[in-house]
Amino acid sequence: MRKEQFTFENQDLYRKICGINDTGVRNLEKQLEIDLIPRGNGFQVEGIPTKVEFALDFFRLLETNYRDRPDRDFTDSFDFGYLLKQATREKKKEERKSDDEPFKPNEKILTTYKGKHLYSRTKNQEKYIQSFLNNLITFGIGPAGTGKTFLSVAMACRFLQNGIVDKIVLTRPAVEAGENLGFLPGDLNQKVDPYLRPVYDALNECIGFEKTQEYIALTKIEIAPVAFMRGRTLSKSFIILDEAQNCTLAQLKMIMTRLGRNSRMCISGDVTQIDLEHGRSGFDRVVNLFRQTEGIGQVFFGKEDITRHPLVETIVRKFEEL
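The sequence shown begins at -10 in the numbering used here and counts up one residue at a time.
These are calculated hints, taken from the structure and not from any lab test. No experiment lies behind these values; they were computed from the predicted model shown. Check before you lean on any hint, since a few could be wrong.
[Unchecked claim] Think about it this way: if two alpha-carbon atoms lie no more than 30 Å apart in a straight line, the pair counts; the simulated DSSO-like pairs of lysine-lysine are: (1) K93 with K19; (2) K40 with K105; (3) K5 with K(-8); (4) K225 with K200; (5) K156 with K200; (6) K103 with K116; (7) K292 with K97; (8) K5 with K97; (9) K209 with K105; (10) K103 with K5; (11) K5 with K80; (12) K40 with K93; (13) K80 with K103; (14) K(-8) with K40; (15) K97 with K225; (16) K116 with K93; (17) K156 with K116; (18) K242 with K225; (19) K(-8) with K74; (20) K97 with K156; (21) K103 with K93; (22) K5 with K156; (23) K(-8) with K103; (24) K116 with K74.
[Stated by the list, open to error] Pair ranges (Cβ atoms, derived): (25) D264 with F63: 55 to 63 Å; (26) L125 with D57: 30 to 38 Å; (27) Q0 with K74: 47 to 55 Å; (28) V301 with F217: 14 to 22 Å; (29) D264 with L300: 21 to 29 Å; (30) E199 with L278: 49 to 57 Å; (31) R78 with T261: 18 to 26 Å.
We treat Cβ as the ideally placed atom computed from N, Cα and C, and that holds for glycine.
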């Protein structure tokens, strides 16, 4: 048994690590397999010598990373857990590679209407943002909760605010997730609203409800089901196709060929959540078809990129065992 003392230089970082009622301390104890006793602005670390040494190295890494992060004011337990996973992988490899540098975001995505600065939170999210900047079409492939929809909406808002595009076009296949919703009353927007609710939530968080409604009224934000996209050419637009795993091959071809001049397109989906009959989804085939195609970027998210409640990652892992 080894005992060591570690004191954090930054009190804000120490408070963030501890969390409310020391819940962060309990989580770290489980993850690091050691005992942590709060002492002043640090911990007394107790446990097996190798585990204690790893914990001390991790705390030093946290301090250095926190000092260099542009989003330090918004870091939380997810960011600490993500760094811990990186450090654990690095330890297993027993050598540092350039890709294993501790993650910190390089660029602010957007400032929300509430004044909050949005940053990517994982390496793959950072790649996703860079793909929007460097490519005309970006595929986002991965499990639920990895930020595919939210980040694409945030980048669309950024492009709109900066005058790079004149409108945002939101589309999604109207396929029920195992339920028959029946006839939906109302106009076109009202009929499609239930299917695009996650996109609306992202818009409301980025630019606010009032601005979202204003842009919809001015047609700066347009909502249309996939079936209504045929025959159109979308120029100077940011097109977001969400839940693309529920599109057929013909629908994906039709959507991708809508791309006009000075436009960007995001196509995101999760191949593990297909609601179509077996074999009808064209998403996987299209992703494979356009691998290493100039002007088209592809970002594959993993379970480590899930930024929702930590339990969501466990849920995804458990379902993969079925």
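| query | Which numbered hints are broken by the structure, listed smallest first? | reply | The structure breaks hints 2, 13, 22, 23, 25, 27, 28, 30; every other hint is satisfied.
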